[in-house]
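S.K.: Next come the chains, spelled out residue by residue.
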Amino acid sequence: MDIVEHYLYTKEHEWINIEDGVGTVGITEYAQSALGDITFVDLPHAEAEVEQFEQLTSVESVKSASDIFSPMSGRIIDVNDKLSDDPGLINRSCCDKGWIARIEISDMDESSNLLTAAEYGSYLESLDRNGDADSDE
Amino acid sequence: MIISVPRRTPLFNTHMALGAKMVPFGGWEMPLQYPDGILKEHEANRKGCSVFDCSHMGEFLIEGDAVACGLERIVTQPLADQPVGTCRYGMALNASGGTIDDLIVYRLAPEKWMVVVNAANIAKDAAHFRAHLASGTRFEDVSDETAKIDVQGPLSRDVMAALVPGVRDLAYYTFGIFRVLGEDVIVSRTGYTGELGYEIYYPWGRTGKLWDALCADRRVHPTGLGVRDVLRIEVCYPLYGHELSEEISPLEAGLGRFVDTGKDFMGRAELLRRDREGGRRIIHFVSASRRAPRQGHAIFSAEGVVAGDVVSGTFSPALGAGVGIGFIKKEFTGAYKNIIFGDEKMRVDAQAASRPFYKTGSLRA
Numbered sequence: 001m002d003i004v005e006h007y008l009y010t011k012e013h014e015w016i017n018i019e020d021g022v023g024t025v026g027i028t029e030y031a032q033s034a035l036g037d038i039t040f041v042d043l044p045h046a047e048a049e050v051e052q053f054e055q056l057t058s059v060e061s062v063k064s065a066s067d068i069f070s071p072m073s074g075r076i077i078d079v080n081d082k083l084s085d086d087p088g089l090i091n092r093s094c095c096d097k098g099w100i101a102r103i104e105i106s107d108m109d110e111s112s113n114l115l116t117a118a119e120y121g122s123y124l125e126s127l128d129r130n131g132d133a134d135s136d137e
Numbered sequence: 138m139i140i141s142v143p144r145r146t147p148l149f150n151t152h153m154a155l156g157a158k159m160v161p162f163g164g165w166e167m168p169l170q171y172p173d174g175i176l177k178e179h180e181a182n183r184k185g186c187s188v189f190d191c192s193h194m195g196e197f198l199i200e201g202d203a204v205a206c207g208l209e210r211i212v213t214q215p216l217a218d219q220p221v222g223t224c225r226y227g228m229a230l231n232a233s234g235g236t237i238d239d240l241i242v243y244r245l246a247p248e249k250w251m252v253v254v255n256a257a258n259i260a261k262d263a264a265h266f267r268a269h270l271a272s273g274t275r276f277e278d279v280s281d282e283t284a285k286i287d288v289q290g291p292l293s294r295d296v297m298a299a300l301v302p303g304v305r306d307l308a309y310y311t312f313g314i315f316r317v318l319g320e321d322v323i324v325s326r327t328g329y330t331g332e333l334g335y336e337i338y339y340p341w342g343r344t345g346k347l348w349d350a351l352c353a354d355r356r357v358h359p360t361g362l363g364v365r366d367v368l369r370i371e372v373c374y375p376l377y378g379h380e381l382s383e384e385i386s387p388l389e390a391g392l393g394r395f396v397d398t399g400k401d402f403m404g405r406a407e408l409l410r411r412d413r414e415g416g417r418r419i420i421h422f423v424s425a426s427r428r429a430p431r432q433g434h435a436i437f438s439a440e441g442v443v444a445g446d447v448v449s450g451t452f453s454p455a456l457g458a459g460v461g462i463g464f465i466k467k468e469f470t471g472a473y474k475n476i477i478f479g480d481e482k483m484r485v486d487a488q489a490a491s492r493p494f495y496k497t498g499s500l501r502a
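Sequences listed follow chains A and B, in order. Letter 99 of the first sequence, counting from 1, is numbered 99 in the working numbering, and no numbers are missing. Letter 361 of the second sequence, counting from 1, is numbered 498 in the working numbering, and no numbers are missing.
So here's chain B without its partners, still in its complex pose (with noise of 0.2 Å):
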C-alpha cells in the first residue's frame, strides 16, 4: 500500500510560524496565504515587494551541445543561438502536438543548462528528458537540493540590492551567478507576477537563512500561492493545467511567439497540422461586475450559445473586476467582443480583452 504524503520545502516550519493558510499543491504542502489576508498580498506585490517559496518547483542540469545532445529538439524555443547567461521561455510536446510542460531553460556556458519546470511535472519531465536526450548525455534532476525565492515587486530592485549589490544591472530575462548570504548561487531577472522581480535559486538546507534576510526588509512581505494566481491571472500568463496541458498545443493557447516553427521539434507536425485544421481558440475577458469567472463556467456568446469553456478566473483587485481566460470554438472567433460566462444558478456579462488584462506593471523598469 502507497501512502501519498504531501511533501514540505525547507521554509514550511516559517511559514507555519507565520501562521499561513498551508494547502496541498502539486503533491506538497504549500502556503496558500498569510494572515493578513489576499488583498494585503496583492498589493505588496504591485506596489511593493513580495517574496514567494517556489522550492518546490523542478529544475534540471544537462550538458552537452544542444543539437548533439537532443536538447534542440525536445524545447519549441531555438537553443543553439541563446546567449549564455539568458533565459529562454517554451514548451516541450508530446506526440500529438500537446503541451508535456511549459520551461525556462537557462544557458549557464555553451554546453551547460538549466532547465526550470513545474512543481506537479517534475517525475514526468524527467522521465521525458532521459528518454529522448542522447545516451550518454548528463543529465542530473537537482530539484530536491534546490529551493528557490521570487522576489517580486517594483522595490524588488532596491530589496535585492541590499542583500547582492552586483545584482542591480541584470536585464530583463538574464541571469547572473551572484553571492547571496556566503553562497555563490543563480539569480535571474524573470518572475510570474508581471512586476520587476528576481528568483534565487538556493541550496535546499540553508534557504531559512535567505527567507529570513528577506523578510527582515520591513518593505518585503510574504506572498502564497493563492495570490500567486490572481497575478499571473491579471497578465495572462498561463498555468500548467489551466491554459496548457497534455491535450492544448502553445498555438492553441496564444503562445506562438514561444515556438519556433521554422526548426525541428518534437511534436511540430501535428502541431501545425491541427493549427491548420482549427477547434479551440484562447480568450481572454473582463467581467461587467466584480463577479469572478470560475474554472469550469461555460461561456456563452452574447446570444447564449454555448460557445466554450473557462480555465481560470478570479476576481482582479488591479481592476476591480472579475478576469477571466477560456478556450472557445472556432466558429466563435473572430469578431466577437461581447460574451457572457456563468453556470445554472449565475450568468455574467464580460467582453474580451487584450492581453494583459493588467496594463501597468514594472516587469521592465
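Chain A on its own, in the form it takes in the complex (with noise of 0.2 Å):
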C-alpha cells in the first residue's frame, strides 16, 4: 500500500500535505478501497472554518455514505471542484488530483495530534492483525 513519506494522518484515514501553512486534504488509499466506487462528494463551502477531527464532509459509496474529519483547523480556502462530476476521481488518485479541501492551517502544533507516514503503516498493520470492523455495508 503506497502511504505517501511526507504527508501527516489522521486513525480515520485522512492524509494532510503541509506547505507554507497550507493543508491540502484528501483520505488515503485504504479508505477509497474500503469505501469501494465512490459516486458523490458532498464539498465543503470555501471560506468555512473547521475544527481538527471535526467533520469536514461525507462522501457516498453506491450503497453507503461516510464522514470525512479535518485532519486540522483552519478556514478552508479551496475545494476541488473536479469531484463534482468525477467523484471517482477519488478512487483513481486519492493521494494526488483526488485531493477534498485546502485549509488555511490556525494551529500549526496539532500537527502533533496526527501521525506519520510510518506511524500510519504501523497503525494499518495492526488493523490488519485485530481485524477491522467493515464500516460498509
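What the hints contain is simulated information worked out from the structure, not anything from laboratory work. Values in this document were obtained by computation on a predicted structure and should not be read as measured data. All C-beta atoms, glycine included, are put in the ideal place defined by N, C-alpha and C. It is possible that part of the hints are untrue.
[Said to hold, decoys possible] Straight line, CA to CA, 30 Å or less: simulated DSS-like cross-link-like pairs of lysine-lysine:
#1 Lys249/B x Lys400/B
#2 Lys11/A x Lys158/B
#3 Lys82/A x Lys400/B
#4 Lys400/B x Lys466/B
#5 Lys184/B x Lys82/A
#6 Lys184/B x Lys158/B
#7 Lys11/A x Lys466/B
#8 Lys82/A x Lys466/B
#9 Lys97/A x Lys177/B
#10 Lys346/B x Lys97/A
[As the list claims (entries may be wrong)] Here are some of the chain A residues that sit facing chain B, going by a computed Cβ distance under 10 Å:
#11 Asn17
#12 Asp37
#13 Thr39
#14 Val41
#15 Glu54
#16 Ser58
#17 Val62
#18 Lys82
Join the two chains into one complex using the hints; note that each chain is given alone, in its own frame.
M.R.: See the structure below:
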C-alpha cells in the first residue's frame, strides 16, 4: 500500500500535506478501497471554518455514506471542484489529483496529534492483525 | 445454546479465490462484490454478461392438481390455466393481506410444480405451504440440493448458446429442460436485473464446473449481491423486506398486475378491504443530484411536511443520479411531482418518476 512519506495522517484515514501554512486534505488508499466506487462528494464551502477531527465533508459510495474528518483546524480556502462531476477521481488518485480541500491552518501545533507515514503504516498493520470492523455494508 | 453459523453455497471457495468481499445475507455468506468494484460489475450486467451465485434461494417441488391440492389458493396468480413450460411471478399472502413471500411458479407438467422463493423465507414458506396444501399432497423442499446461477446481460444469450445451444429460442418467462455440461436441468428465461437473462438450476455438488465454464468465457463477469440490488432498484423490482413484507400488501406495492382478484386466494378479503380504505402507496423517485436516498430516510412533500419513508435507495450508475423507492401516506398521493428526501443531516430534492427508472434494458430482446 502506498503511503506518501511527507504527509501526516489520522486514524480515520485522512491525509494532510502541509506547505507554507496551507494543508491539502484527502483520504488514503485504505479508505478509498474500503469505500469502493465513490459516487458523490459533498464538497465543503470555501471560507468555512473547520476544527481538528470535526466533520469536513461526507462522501457516498453506491450503497453507503461516510464522514470525512479534518486533520487540522483552519479556514477552507479551496475545494476540488472536479469531484462534483467526477467523484471517482478519489478512487483513481486518492493522494494526488483526488484531493478534497485546502485549509489555511490556524494552529500548526495540532500536527503533533497526527500520525507520521511510518506510524500510519504501523497502525494499518495493527488493523490487519486485529481485523478491522467493516464500515461498509 | 444455539449458535447460528451462516451457510455457504457450493461456490464459497471460488468467491474467496476471486477475492470477493463476503457478507452475511439471509443466513448465508454471500459475495457482496468482487475486486474490480461495483461500477465495473454494473457495466458488465448492463452492457455485457454477468453471472450471479443465487444458490441460497429456495426451491420447492409440489405434485397435484392446482385447485385440488390447494396450491391455487396459496398464490395470487392463476395456476390452473398456466401453460406447462412457463413461469408466473406472484405472492403468497397472510390473513391480513400482507405478503408472506414473493415467488415464481414453474409449471413442469400438468400436475407438477416448482416454486422458487427468497432465501430468507425458505423455512417460513415451507411451513406455510405444508400447512395449507391438502393432506397427502407431495411437497418437497429441494433447496439444499438445488443451486442456481443467474446469467444476465445483453450478451447472455450468446454466452448461454455457446454452452447450451437449444437455449437460444427460449421465450421470455418460459423454461425448458436442457443438457448443461452433462446434467439435464431447468433453465428459465427469467431474472432480476431488467436485462436479457437466464437462471440455471443445477445440482448442488456439481455447480463449480458450471460456474467455471461460464467464467471461462471472457465476456462473463462475476457479479455480487451489491450490484444485484442496484440493478433491481434501477428497474423497480421489489425486494422482500423492503417493498414487500408481512405488513405490506402487493397492492400497496403497486404490484396489482400479479394479483388476480377474480379468483379465491388466502388473504384476498383483507387485501381488498385495505385497498379500499387506503393507507400507504408506493412512490418511485429520482434525486436531483448524485446523492442517493437510503432505506430509513424520510420523504417530505415539497412544502416540507413528512409524507412517508424510503425503503430502497441507491446511486444509479445508469442514470448518474440517486434513485429511491418508498411508501407515502394516502393523502399525499395524486398530483404530486416534487418531493424531498433526507434525514437530520441532509435534505435533497427529488422528482416522482414512472417505473422503471432505467428504460432501455435488453429484457425482451
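S.K.: So if I understand the rule, the pair passes when the alpha-carbon distance is 30 Å or less; does Lys82/A with Lys400/B pass?
M.R.: The hint is violated at about 58 Å.
S.K.: Under 10 Å is the threshold here; is the Cβ of Thr39/A close enough to any Cβ of chain B for the hint to stand?
M.R.: Holds, because the Cβ-Cβ distance from Thr39/A to chain B comes to roughly 4 Å (cut-off 10 Å).
S.K.: Has the given pair, Lys184/B with Lys82/A, been kept, meaning a C-alpha gap of at most 30 Å?
M.R.: The hint holds at about 27 Å.
S.K.: Regarding the hint that Asp37/A lies at the interface with chain B, is the smallest CB-CB distance below 10 Å?
M.R.: holds, 4 Å
S.K.: Hint check: is the beta carbon of Lys82/A less than 10 Å from a beta carbon of chain B?
M.R.: violated, 14 Å
S.K.: Has the given pair, Lys249/B with Lys400/B, been kept, meaning a C-alpha gap of at most 30 Å?
M.R.: Between Lys249/B and Lys400/B the Cα gap is close to 21 Å, so the pair holds against 30 Å.
S.K.: When you check the alpha-carbon spacing of Lys11/A and Lys466/B, does it fall within 30 Å?
M.R.: The hint is violated at about 44 Å.
S.K.: Taking the closest Cβ pair, is Val62/A under 10 Å from chain B?
M.R.: Holds. Min distance 5 Å.
S.K.: Given the hint that Lys97/A pairs with Lys177/B, does the C-alpha gap stay at or below 30 Å?
M.R.: Holds - the C-alpha atoms of Lys177/B and Lys97/A are around 21 Å apart, at most 30 Å.
S.K.: Check the hint pairing Lys400/B with Lys466/B against an upper bound of 30 Å on the C-alpha distance.
M.R.: holds, 29 Å
S.K.: Would the hint on Val41/A be counted as holding, given a Cβ-Cβ threshold of 10 Å to chain B?
M.R.: holds, 9 Å
S.K.: Within 30 Å, alpha carbon to alpha carbon, are Lys11/A and Lys158/B?
M.R.: At roughly 23 Å apart (the allowed maximum being 30 Å), Lys158/B and Lys11/A satisfy the hint.
Comparing the model with each numbered hint stated earlier shows that hints 3, 7, 8, 10, 11, 15 and 18 do not hold.
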